[in-house]
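Residue numbers (the numbering used here), protein chains in the order written: chain A, 3 to 370; chain B, 3 to 370; chain C, 3 to 370; chain D, 3 to 370.
Everything labelled a hint here was simulated from the structure, so no lab data went into it. Any given hint could be a false lead.
Partial pick of chain A residues on the chain C-facing surface, computed with a CB cut under 8 Å [as the list claims (entries may be wrong)]:
1. Ala46
2. Thr47
3. Leu63
4. Ala92
5. Ala96
6. Thr113
As the structure is a prediction and not an experimental result, all values here were calculated from the model. In this text, a Cβ means the ideal position worked out from N, Cα and C, and glycines have one as well.
The lines below spell out each chain.
Protein chains: 4
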Amino acid sequence: MTVATELDSPHAQGTGAGRMKALVYHGPGKRSWEDAPRPAIKNATDAIVRITTSTICGTDLHILKGDVPSVTPGRILGHEGVGVVTEVGAAVTAVHPGDRVIISCITACGTCDYCRKGMYSHCRHGGWILGNTIDGTQAEFVRIPHANMSLYLCPADVDDEALVMLSDILPTGFECGVLNGQVKPGDTVAIVGAGPIGLAVLLTAQFYSPAAVLMIDLDDHRLRIAREFGATTLINSADGKAVERVLELTGGEGVDVAVEAVGMPATFEICQSILAPGGRLANVGVHGKPVELHVEKLWDRNITLTTRLVDTVTTPMLLKVVRSGKLQPSRLVTHRFALDEVMNAYDTFANAAKEGALKVILKSGLAN
Amino acid sequence: MTVATELDSPHAQGTGAGRMKALVYHGPGKRSWEDAPRPAIKNATDAIVRITTSTICGTDLHILKGDVPSVTPGRILGHEGVGVVTEVGAAVTAVHPGDRVIISCITACGTCDYCRKGMYSHCRHGGWILGNTIDGTQAEFVRIPHANMSLYLCPADVDDEALVMLSDILPTGFECGVLNGQVKPGDTVAIVGAGPIGLAVLLTAQFYSPAAVLMIDLDDHRLRIAREFGATTLINSADGKAVERVLELTGGEGVDVAVEAVGMPATFEICQSILAPGGRLANVGVHGKPVELHVEKLWDRNITLTTRLVDTVTTPMLLKVVRSGKLQPSRLVTHRFALDEVMNAYDTFANAAKEGALKVILKSGLAN
Amino acid sequence: MTVATELDSPHAQGTGAGRMKALVYHGPGKRSWEDAPRPAIKNATDAIVRITTSTICGTDLHILKGDVPSVTPGRILGHEGVGVVTEVGAAVTAVHPGDRVIISCITACGTCDYCRKGMYSHCRHGGWILGNTIDGTQAEFVRIPHANMSLYLCPADVDDEALVMLSDILPTGFECGVLNGQVKPGDTVAIVGAGPIGLAVLLTAQFYSPAAVLMIDLDDHRLRIAREFGATTLINSADGKAVERVLELTGGEGVDVAVEAVGMPATFEICQSILAPGGRLANVGVHGKPVELHVEKLWDRNITLTTRLVDTVTTPMLLKVVRSGKLQPSRLVTHRFALDEVMNAYDTFANAAKEGALKVILKSGLAN
Amino acid sequence: MTVATELDSPHAQGTGAGRMKALVYHGPGKRSWEDAPRPAIKNATDAIVRITTSTICGTDLHILKGDVPSVTPGRILGHEGVGVVTEVGAAVTAVHPGDRVIISCITACGTCDYCRKGMYSHCRHGGWILGNTIDGTQAEFVRIPHANMSLYLCPADVDDEALVMLSDILPTGFECGVLNGQVKPGDTVAIVGAGPIGLAVLLTAQFYSPAAVLMIDLDDHRLRIAREFGATTLINSADGKAVERVLELTGGEGVDVAVEAVGMPATFEICQSILAPGGRLANVGVHGKPVELHVEKLWDRNITLTTRLVDTVTTPMLLKVVRSGKLQPSRLVTHRFALDEVMNAYDTFANAAKEGALKVILKSGLAN
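With the hints as extra help, turn the sequences into a complete structure.
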């Protein structure tokens with residue numbers, strides 16, 4: 003689906019041919035902040051949202067490398083955002099123009115078999131489509147299909163920076179890492195990867211009072227941040243001895259939960275090597291290659307391994323925890339840019355290690 | 003621990019130096035039905051059981067190939083059995099001499115951290131030790147450690163042949179396949195492997211009223227048995243098109259549950275290729291090699307993969323279902339031998355395909 | 003909301019002022035099969051369904067006694083039905099004109115906090131409204147709000163009589179009785195009340211292979227039907243000794259699950275008196291008075307007591323089980339009437355004991 | 003079973019007729035700190051523990067009022083304690099003389115059907131027997147049956163005062179209140195009763211990061227303590243408006259979880275009146291009379307009500323949380339007495355409100 007096609011639709015014509023600025027993908031390695039048609043209502047279930055805050059995801063960098071073939075040149079990127087509703091279709095009842103909303107990275111029709119099971123990630127009419135198969139949120143405006151299910155009203159007492167972390171990174175860490183890992187009070191949890199997503203796992207794992215959280219990464223700076231965020235043990239895996247070290251620390255037993263938050267064979271290997279009998283391996287990382295699974299060792303270890311694309315079904319729960327003050331998502335924010343500095347923001351985020359970047363905020367200065 | 007050592011113990015001397023017949027492993031490829039010392043109480047938690055019925059497990063064949071290094075020459079094989087208690091140690095209160103009992107393939111102390119979690123398979127003082135690190139049940143008598151937890155009283159109204167299927171094969175199929183696969187009413191379940199263990203999965207999966215059970219195997223004879231046992235669709239995978247066929251039958255969607263009941267890379271591969279989003283892959287097979295896990299395809303499919311050595315925690319539940327008539331375990335029995343024909347019984351079981359063998363019963367004619 | 007108001011709406015005018023026949027409530031004890039305005043689309047999420055099959059619920063009798071104050075004179079009754087979609091609002095995408103559909107007794111917006119949790123019963127824009135606060139299904143046509151979530155496509159290979167049991171009675175028995183009672187393989191289950199709803203519990207409890215199902219009622223005819231439907235023990239409680247008898251049959255232990263399917267203090271009392279430690283009491287009955295709960299006896303018995311208005315979240319699962327042949331809902335049907343004989347049908351259903359009536363089918367002969 | 007009988011047993015004679023001091027019940031209102039026979043091993047599964055720290059439970063006061071008929075004159079009271087093992091029976095392998103141990107208030111054989119299900123509270127050979135049907139822990143020494151399952155090794159780095167809270171009060175609050183109430187991140191939880199047990203619920207509820215914990219009591223002093231322990235809202239129910247106030251605070255919705263921690267009809271009434279649809283009522287209080295359950299209002303509210311005698315199955319988990327520093331049980335301790343001042347300690351504890359007493363520690367100064 004291309005922007006041109008959208009403008010061709012009768013609905014779109016009805017709402018006028020405004021223009022806006024947006025970050026457009028032009029094929030591997032190419033992006034620009036440019037003029038683009040302002041989106042219009044296409045279906046009765048759509049809403050248009052003026053973006054006030056957005057951010058960049060690791061997945062956006064993958065797209066720019068050309069690793070995500072479903073994203074074609076011309077696509078406006080971005081699947082995270084907070085904004086203000088400017089227009090809604092006839093069937094939208096849950097939000098209204100003027101409402102401040104969180105945009106979920108996952109679009110859910112709410113009606114299909116997967117949505118009924120709480121698997122919005124596999125919605126037959128949605129899933130991850132924003133900034134992927136339809137235009138996304140790194141723009142002044144965005145069209146959100148199935149707005150009733152895919153937008154969440156913002157509580158007045160929480161700021162945009164915190165709320166934009168609920169678009170993707172916090173539900174991803176929580177659902178794919180913590181819930182799938184079945185973290186329980188007293189557990190020993192290892193998180194492999196102290197990037198933004200690993201840190202989101204770390205923050206939300208603490209909802210369940212694990213006794214110990216071991217953070218494993220190659221970067222001492224990120225490990226130091228993990229310490230501030232509540233990790234109880236830091237392991238720099240640069241020496242290739244992370245497995246040995248975890249087993250040592252757990253009396254040879256291994257951990258209750260290992261969370262893979264990188265997406266590489268080597269980190270997956272660490273996870274499967276440190277599980278105690280009965281342990282859970284929750285994969286969060288996006289993988290580009292198969293991994294070797296040691297069933298010859300694990301077949302009798304009573305382990306559970308899970309994969310998951312975030313469903314964002316826990317967004318209402320996370321909002322309650324954020325409002326209660328027990329979770330401060332903005333701790334993940336390291337850099338702030340104006341929305342029209344998004345080209346620089348990408349440069350900073352792409353050099354995350356050097357820049358000490360976690361989440362990079364894009365902030366609109368536009369009036370409506 | 004060897005038989006010799008056991009006889010050296012003061013306890014053993016106290017209960018007399020009786021003799022018996024037993025199936026003894028003498029290294030790869032070598033076994034004999036021979037004279038052996040009759041076991042005696044060694045610890046206060048032991049019981050001695052006179053075997054009335056035993057059977058042979060696929061694992062016993064692995065041992066004979068030399069694939070299980072923990073089994074050393076001189077070991078009496080077998081971890082399944084029904085019998086009559088002849089003697090108990092001072093701390094045994096749950097069973098008494100004269101009681102007819104099922105011997106669990108898993109020995110559980112009941113007290114360690116794993117037992118307290120219901121993971122008897124990883125009991126710190128037990129687990130799978132019978133016919134492995136201590137002498138087993140293919141003998142006239144066997145010593146059962148931790149008898150309070152590891153023996154189950156037989157209901158008078160169920161015969162030995164049915165009950166000996168509760169030693170290992172039925173709880174294995176049920177716990178590792180059905181419970182771990184979370185089979186639910188209306189589910190579509192695929193079982194890869196129609197050997198005894200796959201058929202045990204098939205029988206117990208029906209406790210939960212799945213809408214369809216697809217049985218996949220290379221052997222038409224076994225598939226026909228699967229049909230009689232309740233499989234709704236049979237797929238002979240000899241043509242290499244099993245995956246294609248399952249996807250066709252499920253409208254391209256895949257199955258809710260795939261149970262691996264073989265233990266080979268090729269069958270594991272089928273399982274991971276036929277899972278619907280949200281599907282569960284329950285591994286039951288014993289693997290000798292790693293497998294390739296396609297996380298590059300599965301990372302966003304919300305799947306759950308489990309491994310498990312049977313815990314036999316469901317033995318009491320299975321006993322209730324057997325007594326209610328809703329499960330007829332003796333359907334798995336194809337051949338019967340006297341206990342002292344065990345050498346022939348092994349030959350038959352080792353040629354299962356040719357002989358049309360599933361479970362082979364060994365029946366004692368001994369008076370006490 | 004009255005019929006007059008609906009005709010006043012602009013939408014309604016658009017679809018013409020057709021007429022139809024319907025069963026209208028005119029205050030306690032008064033009902034008539036009369037001419038009424040044919041419903042029209044009011045909201046973009048509505049569908050109009052031409053009823054082909056409907057039925058009468060015990061709740062309809064309660065309404066006629068004046069026991070349900072939310073139902074006001076002029077209301078068309080009925081909340082169960084199968085039919086054909088004749089018209090849909092702009093936002094309806096899950097069903098289309100011509101589709102044969104099951105009408106859920108529960109209307110669900112799919113978007114509110116309760117719907118997101120799977121508690122459609124408490125939908126903020128729906129719940130049980132059909133034949134209650136809006137016009138119902140005992141009519142030639144009905145307007146179904148939130149049609150995307152509240153209608154289910156009928157499989158071609160299942161007939162109307164079976165499917166109309168999925169509107170209310172089967173999901174009610176299954177969700178409120180079986181799921182809330184956590185029926186497991188091997189369990190002993192007691193169902194108090196062998197009316198249609200108790201029998202629906204009985205049919206669906208068998209999805210989970212309980213070892214024994216004890217049916218308790220005052221009516222031997224209904225108990226005989228329960229036997230045919232799979233009850234293993236029948237107890238006529240007319241002698242006031244049901245509790246005694248259950249305890250006797252369970253060796254003094256009590257049952258794992260007691261399902262209250264009547265809605266009276268006396269039957270609730272039986273349920274709480276027969277629970278084993280750890281037992282679950284699943285209330286399905288509609289109660290008009292408080293009951294005495296014996297916490298002085300139960301506080302240390304580790305019991306779980308649940309109440310539930312059916313959510314109909316399991317309709318897709320039930321459809322799969324029906325299609326697989328493992329559930330034959332039409333076994334609940336004892337009488338059949340043409341839709342325009344609904345006055346007689348009510349008479350029969352109101353004398354259920356005398357007439358031997360369970361579910362009474364109303365069948366339309368109308369062409370579209 | 004009386005002390006005299008115990009001394010008559012052959013085992014008892016073997017270990018000598020030592021004497022000790024103990025708190026003995028002599029019928030309603032009568033207790034004394036007196037000379038008593040020192041307990042001896044009776045069964046192979048027993049251990050003798052020298053008490054170093056004990057405490058008094060609300061249940062002990064009930065016993066002294068004559069409310070617990072199973073407790074007969076001559077009984078040594080007390081079911082909580084930390085001490086040092088002095089002797090073990092032949093079948094005790096989990097603890098050894100010299101080990102510092104927590105005594106669980108629940109004795110569990112580990113083998114019976116209830117123990118296998120994790121319902122130690124209903125152990126067929128144990129349950130709550132200490133200071134009830136056998137002599138208890140408010141003494142210099144105590145005999146602990148089924149020591150393998152009923153004693154827990156103390157970590158060296160946690161002091162007695164913290165650990166004695168794991169005998170009863172913390173697992174009771176956690177299991178009966180928090181686990182049964184299914185407290186989840188973001189939940190609104192109301193605890194009715196800010197006595198020691200309600201405060202134990204409050205401390206352990208925070209393992210799951212509820213958004214709000216409302217504490218309801220008549221005593222402002224206890225409410226102030228609740229604030230320090232993490233309650234977010236305090237409600238003094240003296241004005242009879244607690245229900246109104248809770249509904250007001252929750253926007254008319256009610257709470258997700260209501261925990262009854264008193265054991266009176268009036269407090270139970272509050273709990274059932276403040277539940278949101280889908281809410282859980284976890285009863286922790288010990289009730290002496292039935293309550294009125296408003297099924298006429300609750301039948302369609304999808305609520306879950308639980309009762310539970312503590313099983314102490316979570317003691318290992320709680321130990322891990324205590325060691326991690328996330329739970330500081332000794333915050334419950336307000337008063338300390340020498341063990342031989344136990345008569346004064348009872349006076350203080352019996353006047354808890356006036357004395358500002360929560361848990362009262364009894365500390366032995368004895369050398370072995």
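Structure-based check of all given hints:
1. Interface hint status for Ala46(A): upheld, as the beta-carbon distance to the closest one in chain C is roughly 5 Å, under 8 Å.
2. Interface hint status for Thr47(A): upheld, as the beta-carbon distance to the closest one in chain C is roughly 6 Å, under 8 Å.
3. Against a cut-off of 8 Å between C-beta atoms, the interface hint on Leu63(A) is violated, since the closest Cβ of chain C lies about 32 Å away.
4. At a threshold of 8 Å, the smallest CB-CB gap from Ala92(A) to chain C is about 5 Å, leaving the interface hint in force.
5. Taken as an interface hint, Ala96(A) checks out: its beta carbon lies about 5 Å from the nearest beta carbon of chain C, inside 8 Å.
6. The interface hint given for Thr113(A) holds, since its Cβ lies 4 Å from the closest Cβ of chain C, which is under the 8 Å cut-off.
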